[in-house]
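Heads up: the sequence lines are chains A, B, C, D, E and F, in that order.
Positions in the first sequence are counted from 1; adding 340 to them yields the working numbering.
Positions in the second sequence are counted from 1; adding 340 to them yields the working numbering.
Positions in the third sequence are counted from 1; adding 340 to them yields the working numbering.
Positions in the fourth sequence are counted from 1; adding 340 to them yields the working numbering.
Positions in the fifth sequence are counted from 1; adding 340 to them yields the working numbering.
Positions in the sixth sequence are counted from 1; adding 340 to them yields the working numbering.
Any given hint might turn out to be false.
Identical chains share a label here; the pair holds if one copy fits it or two copies do between them.
In silico DSS-like cross-links for lysine-lysine, where the CA-CA straight-line distance does not exceed 27 Å [as the list claims (entries may be wrong)]: (1) K611 to K467; (2) K383 to K572; (3) K611 to K383; (4) K520 to K383; (5) K620 to K467; (6) K562 to K399; (7) K531 to K505; (8) K383 to K620; (9) K505 to K383; (10) K383 to K537; (11) K467 to K399; (12) K419 to K595; (13) K348 to K562; (14) K399 to K595; (15) K531 to K572; (16) K505 to K620; (17) K572 to K348; (18) K399 to K348; (19) K419 to K611; (20) K520 to K531.
In case anyone wonders, no lab produced these hints; they're calculated from the structure.
For clarity, every value in this text was computed on a predicted model and none was experimentally measured.
Protein chains: 6
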Amino acid sequence: MIETFLLKEIAERALTEDLIYGDQTTEALFPRPTPAIGEVIAKEDLVVAGTDLAQIIFKIIDPGLSVVIERASGTQASKGDCILRIEGDGRAILKGERTALNFMQRLSGIATLTRRFVEGVQGTAAKIVDTRKTTPGFRILEKEAVRLGGGANHRFHLGDLILIKDNHIALVGGVTEAVKQARADLSHTLKIEVEAKTHAQVQAAVSAGVDIVMLDNMSLEKIQDAVGFIRKNAPSILIEVSGGITLDGLSDIAKSGVDLISVGALTHSAKAVDISMEIKGLPQA
Amino acid sequence: MIETFLLKEIAERALTEDLIYGDQTTEALFPRPTPAIGEVIAKEDLVVAGTDLAQIIFKIIDPGLSVVIERASGTQASKGDCILRIEGDGRAILKGERTALNFMQRLSGIATLTRRFVEGVQGTAAKIVDTRKTTPGFRILEKEAVRLGGGANHRFHLGDLILIKDNHIALVGGVTEAVKQARADLSHTLKIEVEAKTHAQVQAAVSAGVDIVMLDNMSLEKIQDAVGFIRKNAPSILIEVSGGITLDGLSDIAKSGVDLISVGALTHSAKAVDISMEIKGLPQA
Amino acid sequence: MIETFLLKEIAERALTEDLIYGDQTTEALFPRPTPAIGEVIAKEDLVVAGTDLAQIIFKIIDPGLSVVIERASGTQASKGDCILRIEGDGRAILKGERTALNFMQRLSGIATLTRRFVEGVQGTAAKIVDTRKTTPGFRILEKEAVRLGGGANHRFHLGDLILIKDNHIALVGGVTEAVKQARADLSHTLKIEVEAKTHAQVQAAVSAGVDIVMLDNMSLEKIQDAVGFIRKNAPSILIEVSGGITLDGLSDIAKSGVDLISVGALTHSAKAVDISMEIKGLPQA
Amino acid sequence: MIETFLLKEIAERALTEDLIYGDQTTEALFPRPTPAIGEVIAKEDLVVAGTDLAQIIFKIIDPGLSVVIERASGTQASKGDCILRIEGDGRAILKGERTALNFMQRLSGIATLTRRFVEGVQGTAAKIVDTRKTTPGFRILEKEAVRLGGGANHRFHLGDLILIKDNHIALVGGVTEAVKQARADLSHTLKIEVEAKTHAQVQAAVSAGVDIVMLDNMSLEKIQDAVGFIRKNAPSILIEVSGGITLDGLSDIAKSGVDLISVGALTHSAKAVDISMEIKGLPQA
Amino acid sequence: MIETFLLKEIAERALTEDLIYGDQTTEALFPRPTPAIGEVIAKEDLVVAGTDLAQIIFKIIDPGLSVVIERASGTQASKGDCILRIEGDGRAILKGERTALNFMQRLSGIATLTRRFVEGVQGTAAKIVDTRKTTPGFRILEKEAVRLGGGANHRFHLGDLILIKDNHIALVGGVTEAVKQARADLSHTLKIEVEAKTHAQVQAAVSAGVDIVMLDNMSLEKIQDAVGFIRKNAPSILIEVSGGITLDGLSDIAKSGVDLISVGALTHSAKAVDISMEIKGLPQA
Amino acid sequence: MIETFLLKEIAERALTEDLIYGDQTTEALFPRPTPAIGEVIAKEDLVVAGTDLAQIIFKIIDPGLSVVIERASGTQASKGDCILRIEGDGRAILKGERTALNFMQRLSGIATLTRRFVEGVQGTAAKIVDTRKTTPGFRILEKEAVRLGGGANHRFHLGDLILIKDNHIALVGGVTEAVKQARADLSHTLKIEVEAKTHAQVQAAVSAGVDIVMLDNMSLEKIQDAVGFIRKNAPSILIEVSGGITLDGLSDIAKSGVDLISVGALTHSAKAVDISMEIKGLPQA
């Protein structure tokens with residue numbers, strides 16, 4: 341959950357980008373308050389995200405607007421559904437429209453894509469998790485969208501997990517040495533995860549007693565071997581699979597018995613879903 | 341072009357997100373400076389973007405790093421090409437890796453997708469332009485990526501063009517009335533564009549003497565009709581086509597003689613291209 | 341129009357400058373809430389500006405204040421008129437007094453001076469416009485004050501109009517070359533304006549088909565010649581006059597048939613108008 | 341003196357206003373670095389201010405520029421003098437031109453006006469001081485310009501002097517009561533000044549033992565009386581005159597023997613002085 | 341007094357530090373609003389400070405919370421007293437608990453320690469004052485806590501008093517020269533204080549006619565001598581004692597007749613007082 | 341490690357507090373650059389912290405200063421040792437003195453106190469760890485000081501560990517229920533810690549399979565019992581002791597076999613250590 345005061349800050353920065361020099365069109369066309377109703381409509385089936393932020397955006401522009409969330413974040417909306425209904429001065433609705441939609445389309449896109457991956461592992465114990473491949477500055481929003489889609493979060497920043505990756509191993513000289521080095525100066529609050537590309541690295545990680553092993557870019561067969569080896573030798577270790585995961589091979593990987601499947605595409609390549617705003621005039625009060 | 345002091349601000353905000361609580365892994369593994377070389381490698385064919393920002397990111401973390409741009413923004417990189425070469429303390433390279441790649445992958449993704457649309461209109465007079473459907477707070481970066489891909493920019497914010505859209509028309513009561521109203525209180529520096537969904541609206545816009553007509557979500561046939569009508573009656577008006585444009589129908593639309601084809605997907609749905617970092621140790625100096 | 345959330349940000353920065361270390365006088369004198377009424381009074385005839393900002397300033401200090409705008413921004417106030425009436429805790433009124441007056445005096449000064457220029461062109465088609473010669477960081481406020489005074493706005497920043505000035509022409513080698521160069525890589529949303537100091541430059545600009553010609557520092561006679569030439573050869577081009585315009589020669593220039601007269605002095609040399617605050621105690625509630 | 345890191349912050353905020361969406365003209369005209377020299381020229385006699393800030397502005401845009409201050413802040417420049425000489429990429433000079441000039445014209449305007457007031461009291465012991473009637477957010481810059489013109493500074497904010505003004509007195513019920521109240525809870529670091537409109541108030545202030553008496557809006561005769569009274573009864577009290585001071589009556593007031601003459605117009609109504617930039621191309625290196 | 345809009349800014353920065361990546365515990369445990377009451381309890385006798393800030397903190401997280409101040413800032417609370425009572429959604433109480441307590445414990449610690457020093461000078465004319473030895477960025481909060489404990493404030497920043505210290509004197513060559521130099525270019529609003537370590541320096545300061553003399557690190561005997569000398573020769577000069585003051589020797593110093601005793605330890609070494617939060621569930625409404 | 345760009349931001353905010361209205365004393369006394377050398381001297385034995393930040397502070401004020409760290413952060417300095425040596429313009433040294441010392445005294449105070457606790461557990465396996473009881477906004481600095489003193493860090497914010505405390509348990513109804521609830525929606529990267537006040541809670545935590553048990557405010561005897569119970573039943577669980585730990589009882593607690601002893605006093609009640617600056621003039625170059 342993102343605290344409201346943080347959402348406000350994000351919303352104000354975004355609105356500044358669009359409105360810093362005014363909305364010349366709206367101001368030229370409507371010199372006076374213009375009663376209207378705006379409906380944010382799903383133009384395709386999607387998982388909703390970003391409604392809280394959209395609500396804050398419209399309220400920042402005009403606290404007098406009534407903004408009703410018809411489909412809460414995390415729920416499914418069908419094509420044609422009204423997600424958000426805004427009533428009040430049409431000028432304020434017009435000014436916030438694009439910024440609100442930009443957030444909702446992108447975040448709902450992430451939630452919707454995540455839902456598809458989550459459905460792809462249904463019936464197994466595997467969880468879909470995200471990565472740090474997020475839009476810079478938007479990580480907390482995008483990771484919340486992943487949760488809304490049914491996924492779970494991997495680490496948020498470089499400080500909340502020891503994750504020893506290929507480049508670390510290359511520089512330090514090997515998995516065993518790296519884990520030993522990490523242990524020497526480690527906060528007790530942090531877990532240790534190691535990325536393994538080969539069976540030898542999996543063995544080293546298991547011997548070193550890490551908390552999580554990430555199987556990176558392995559074939560299905562190698563994944564199955566690794567899962568077998570780890571479950572037998574160190575049943576409490578969590579197993580994550582990562583690297584080029586698509587919806588196609590997803591089910592087989594999940595059935596191999598891994599705990600976590602991390603998918604960079606959830607945040608770096610989700611398409612914006614189609615959401616639009618329809619505004620109608622109302623009689624003057 | 342984005343001024344360097346603005347890029348620095350963007351880079352520092354992004355780095356703060358990842359590094360505010362330190363890079364626990366890198367700091368635990370490497371207590372001392374660790375000479376290394378990092379290569380940012382294209383893992384697929386792409387149009388490069390974001391190199392200036394990546395360079396600034398690494399320099400912020402460690403001004404002692406040497407950062408050489410091997411493939412400049414705007415150029416084509418083939419799978420396997422080295423785009424950026426960084427030499428110096430490996431710890432600084434590791435800390436900046438993800439943030440730099442996140443920017444480069446997303447912005448190069450936009451540039452690459454734009455290039456494909458630009459190629460799709462080759463041989464015609466049509467230009468590919470972007471929209472305001474950008475990631476909130478990133479508009480100047482994403483619009484630069486569109487230019488690097490060969491596209492042109494539509495307006496940057498709500499203040500640099502009068503663009504009368506369907507929702508404005510709905511509230512004000514018609515195209516003719518809207519343009520009249522806009523003219524009454526208009527800075528002489530601004531052009532007027534009107535969105536038209538029907539032939540009647542095209543006629544009204546032409547009669548009103550607008551600078552640009554946007555044909556919104558029309559069939560190819562209707563586009564051809566509208567182009568014929570406008571060219572005959574008001575040859576100086578620019579014609580823009582918008583709404584659900586894909587690579588498929590692109591060429592036919594371009595051949596219809598329109599000036600501009602605006603594509604929201606350039607920025608809202610470009611996939612991140614695959615770029616990765618390879619780091620190797622160097623002997624201690 | 342400047343959005344309320346932007347005005348708040350401006351107001352808070354200004355109040356911080358004055359109140360960061362407290363209002364030692366007011367706090368020493370009044371340990372308890374002190375009911376009072378404050379009236380912001382015009383001490384000379386003026387055009388009002390800055391009331392929205394003043395209202396926000398007092399509300400930031402104490403949301404419990406009642407702040408009534410008696411003379412709206414854009415209207416004329418006569419010497420002695422009450423512009424703003426504030427009722428509530430006198431301590432909050434005292435703390436906001438100087439900051440609110442500093443804004444109102446400066447912005448009303450701009451609106452008042454603009455009104456005089458606008459009156460000077462009455463009966464002609466010429467419009468008075470501002471320039472970018474504004475107080476750094478205050479451009480949106482000062483340009484709004486110009487509009488409140490009846491003027492129109494020239495461009496807001498370096499990105500919303502191509503304006504080729506003498507220094508550009510000197511570096512690029514000539515008007516014709518400059519316009520050609522600008523056209524080659526231009527967003528379709530932008531107009532092109534060229535500054536011309538000689539008849540030759542006017543001719544070149546007309547031949548190049550620019551949207552606006554600015555006649556810079558020309559004598560009345562030369563202006564008349566240029567207007568004649570442009571109206572005959574390119575009736576759709578807008579004609580702007582600029583450079584050392586004073587109230588004296590204004591009417592003659594306006595009668596020459598130009599469209600726009602831009603006046604840097606509106607913002608860079610407007611005197612603050614005389615506005616003061618009178619506070620009276622009220623009986624304790 | 342304003343610390344460099346604070347000037348940088350001011351400069352970046354100002355540049356952001358102008359350059360946030362790029363300098364479309366300069367970028368379209370000059371795709372490549374364009375060697376040039378720019379000279380900032382005084383177009384009238386003036387006292388220079390703002391050169392440090394201008395230098396920082398150009399360096400922020402392009403650290404490669406050479407920026408030489410030919411006339412230091414605080415010195416006199418004659419019409420035609422070159423104040424600042426900038427050499428390097430002409431594009432950077434063009435981008436910073438307006439922002440640098442806006443600061444220099446306004447601040448030199450204040451310094452120049454202050455110099456005239458200072459000259460008006462020459463031969464007397466009176467000092468010219470400023471007020472808090474400054475552009476919100478610019479107080480430290482404007483007060484430095486006053487010093488550069490030879491004036492001295494009154495308080496910077498509401499926390500560095502107890503200044504009991506008419507509105508305080510009205511609410512608290514009288515000078516004697518106000519000073520007593522202020523004394524009760526006062527930091528020992530702060531002086532106490534009282535604004536007096538009548539002889540009775542002067543007497544009360546003297547009896548109360550304040551540090552400074554401000555004679556507000558008094559006639560010359562009343563000023564002379566007050567000076568006589570105070571010098572006789574409390575020779576260590578500083579005497580300030582305030583309210584509607586112009587260059588006309590200035591000398592007589594100064595000769596009355598007062599210590600300080602505060603002039604709001606120094607900052608709220610100084611005209612921008614005429615300063616311009618001339619740019620010439622240089623041969624490519 | 342610190343203005344509310346400044347407290348909000350401080351509170352939001354502090355909350356961001358703790359909540360930027362969410363409160364994972366609270367969010368995992370309580371998916372729904374959870375009615376609760378939280379009591380902030382003094383676990384030792386103390387002088388209360390920071391309640392306004394704590395109230396703002398809880399309101400930022402959830403404006404729906406009721407936050408009642410039971411013991412106002414500046415009053416004494418006994419062990420077991422309830423200082424603040426918060427009612428509403430328990431999740432919001434849990435999220436703000438640590439940040440609110442961190443402020444209250446530190447600021448009440450300063451107020452409590454100050455109260456002890458103030459009691460140590462009771463019956464004398466000496467006032468306890470603070471220094472600039474504060475937590476960077478927190479000076480206004482910590483100086484307010486000193487006032488709440490009954491102390492007075494020394495200067496807030498380097499701009500509101502001329503304070504010539506040992507290092508200044510060493511560089512300039514002597515007290516006499518330093519005061520002369522300071523006088524030459526001094527705002528009339530500022531007092532002059534000189535730090536004296538020897539009797540010779542005291543004499544020089546008195547001769548130079550400063551406003552305040554600070555006796556730095558002198559023995560009680562030397563302080564008594566200096567007081568005698570100053571009272572005889574310049575009765576209007578304020579006398580401050582500074583340097584390693586503890587509660588032990590305090591009373592004797594106060595009785596020597598000095599005006600001010602400044603104590604760095606008030607802010608730099610106050611222990612946090614023990615305050616804790618007790619939360620109980622309430623029946624669902 | 342705190343990245344340099346973050347330290348700069350902290351340093352600039354702190355300097356702004358002190359220098360926003362200039363250093364009136366230094367500027368009045370020294371109109372010209374004044375060569376000097378400043379030595380930061382330990383006035384008592386201490387563990388050094390804050391040198392990097394101090395170096396940045398002086399460099400921000402004047403990049404021309406030479407700042408040499410004589411005793412690195414983390415090392416021991418004896419009374420009289422020079423920690424930092426600064427050479428250059430004495431004015432810049434004077435301006436930065438207080439801000440640099442304020443940071444160094446507070447952070448070295450934390451490091452020094454931590455070192456004493458660390459020495460108190462020598463010869464045992466127990467580690468000294470900090471808490472979230474830090475100065476708001478300074479957590480990363482204070483936690484680094486703890487590490488410099490030889491301690492380890494507990495969690496940095498509410499997002500990097502599930503820590504179920506007494507107030508959570510009270511609201512949720514019991515340890516077992518709380519852990520179950522937490523597990524249901526938990527990122528795999530996070531460990532779970534439970535605070536236990538009774539043996540029953542310890543048993544529940546062990547049964548629930550948490551990663552860390554915190555024994556809160558237990559007697560030595562109860563601690564020993566709990567350690568025995570946990571080691572026997574769940575040897576991989578980490579045991580933390582917390583609550584009112586002082587140097588007195590420390591050794592016995594450590595010998596009981598616990599893994600971690602967390603001490604709020606490290607950050608909330610460390611006294612500033614005595615460090616001062618001595619400045620001497622140098623002959624003009």
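Quick rundown of the hints versus the structure:
no., hint, result
1, K611 to K467, "both (22 Å within a copy, 23 Å between copies)"
2, K383 to K572, "neither (49 Å within a copy, 36 Å between copies)"
3, K611 to K383, "both (14 Å within a copy, 21 Å between copies)"
4, K520 to K383, "neither (53 Å within a copy, 32 Å between copies)"
5, K620 to K467, "neither (43 Å within a copy, 33 Å between copies)"
6, K562 to K399, "neither (53 Å within a copy, 40 Å between copies)"
7, K531 to K505, "both (14 Å within a copy, 20 Å between copies)"
8, K383 to K620, "within (18 Å within a copy, 46 Å between copies)"
9, K505 to K383, "between (41 Å within a copy, 18 Å between copies)"
10, K383 to K537, "between (42 Å within a copy, 18 Å between copies)"
11, K467 to K399, "neither (36 Å within a copy, 36 Å between copies)"
12, K419 to K595, "neither (32 Å within a copy, 33 Å between copies)"
13, K348 to K562, "neither (47 Å within a copy, 44 Å between copies)"
14, K399 to K595, "neither (47 Å within a copy, 45 Å between copies)"
15, K531 to K572, "both (21 Å within a copy, 23 Å between copies)"
16, K505 to K620, "between (54 Å within a copy, 13 Å between copies)"
17, K572 to K348, "neither (50 Å within a copy, 50 Å between copies)"
18, K399 to K348, "both (10 Å within a copy, 15 Å between copies)"
19, K419 to K611, "both (16 Å within a copy, 24 Å between copies)"
20, K520 to K531, "both (14 Å within a copy, 20 Å between copies)"
The structure is inconsistent with the numbered hints 2, 4, 5, 6, 11, 12, 13, 14 and 17, although it conforms to all the rest.
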